[in-house]
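Chemist: These are the residues of each chain, in order.
Number of protein chains: 2
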Amino acid sequence: MKLYDLTLSGNCYKVRLFAALANIDLTLVAVDFMAGEHKSAEMLALNPFGEIPILVDDKIVLRDAQAILVYLAHRYGGEAWWLGEAHLQGEVVQWLSVAANEIQHGPNTARLIEKFNAPKDKHRAIAQSKQILTLLEQHLSANSWLAAGRPTIAECAVFPYVALAEEGRISLAAYPKVNEWLLRVKQLPNFVAMPGV
Amino acid sequence: MKLYDLTLSGNCYKVRLFAALANIDLTLVAVDFMAGEHKSAEMLALNPFGEIPILVDDKIVLRDAQAILVYLAHRYGGEAWWLGEAHLQGEVVQWLSVAANEIQHGPNTARLIEKFNAPKDKHRAIAQSKQILTLLEQHLSANSWLAAGRPTIAECAVFPYVALAEEGRISLAAYPKVNEWLLRVKQLPNFVAMPGV
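So the sequence lines, in the order shown, correspond to chains A and B.
At position 142 of the first sequence (counting the first as 1) the number is 142 in UniProt numbering, and the numbers step up by one without a gap.
At position 76 of the second sequence (counting the first as 1) the number is 76 in UniProt numbering, and the numbers step up by one without a gap.
Keep in mind that a hint or two might mislead.
Just so you know, same-sequence chains aren't split out, so a pair can sit in one copy or run between any two.
[What the hints assert, rightly or not] Listed below are the simulated BS3-like cross-link pairs for lysine-lysine, each with C-alpha atoms no more than 27 Å apart in a straight line:
#	residue 1	residue 2
1	177	39
2	177	115
3	2	186
4	186	120
5	130	39
6	120	130
Because the hints were derived from the structure by calculation, they are not lab data.
Everything numeric in this text was worked out from a predicted model, so none of it was measured.
Produce the complete structure using the sequences and hints provided.
Modeler: Rendered as structure tokens:
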């Protein structure tokens, strides 16, 4: 099973993190993002959105880190990682949407601006980061984990860009419960880091 | 089962549309959005994000239209709407992420600007709308449906704000395959519309 991957991408790290936690073997295929390889004809044939990660498992090709997490958890995650009950899956998907939207346009974008000079609206990214971190702090004041009362793929989707927030000059000092949760995730068996985490 | 709802919200319509297609009974609770009722203490207790839709099914409370769609399809959708296979769920989630991100920041935002005077970046919303519509057109040139070769909750998540795009002055004239798909969705048994669709 191949993961088209970039070491510095938090979206790719979502998948690497889950694969490590769930003991799933991935063959990493490095994509030369800086040279624009993700926009090459070969890569666009795999993912017309021109983004990574991309997972190729025999004849199955999936784009979008959240979709890849659902696939891997369901097919290979076993009982520890696959939640059969409808309302627990709903709880998880709430946070997959947060990862795809609020986290993407908050701390992820702030980091793209600071670390990679992306031409994006810095004030907006900072405001959106504070908003979602405040909501996360509130949720984690009453819950140890994001969904279902236990570690799930929601952690893998949300953790990376929160853990990388300070690379986007978003301070986490005001969010003690978020910091405790980051530590809980880091203490999960088989946890792997990435540069900046 | 109660849906906290606003008639003019495409996000609420995602849920109303799926409930109609799958013959699921919902009791609609109108939220006075213009008066800020979604930010009231009672509503924030149900959804700290201060957004609608919110689904309340006995003791289960879910926010985020995409999460509600997963829950309803899984619990009440039956075989016609619940895809058991991991890779088909992955395909569906790809489009739930698109609904939560690219559609939200493209045609949804363009409509918020034009119809509700939202103080957002119009040029960005137009650019993002064109980008996602082009990708949708490409996908629908080779596929009748978004995922799994059949109508799924991906349609319910993506259809509303694409069908409402012209309310945001985003023309759909250049996207014939998108128009054909909109028509296919409208012809599904038990389809319901909303104002503007």
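Chemist: Which constraints among the numbered hints does this structure fail? Numbers only, ascending.
Modeler: Violated hint: only 4; rest satisfied.
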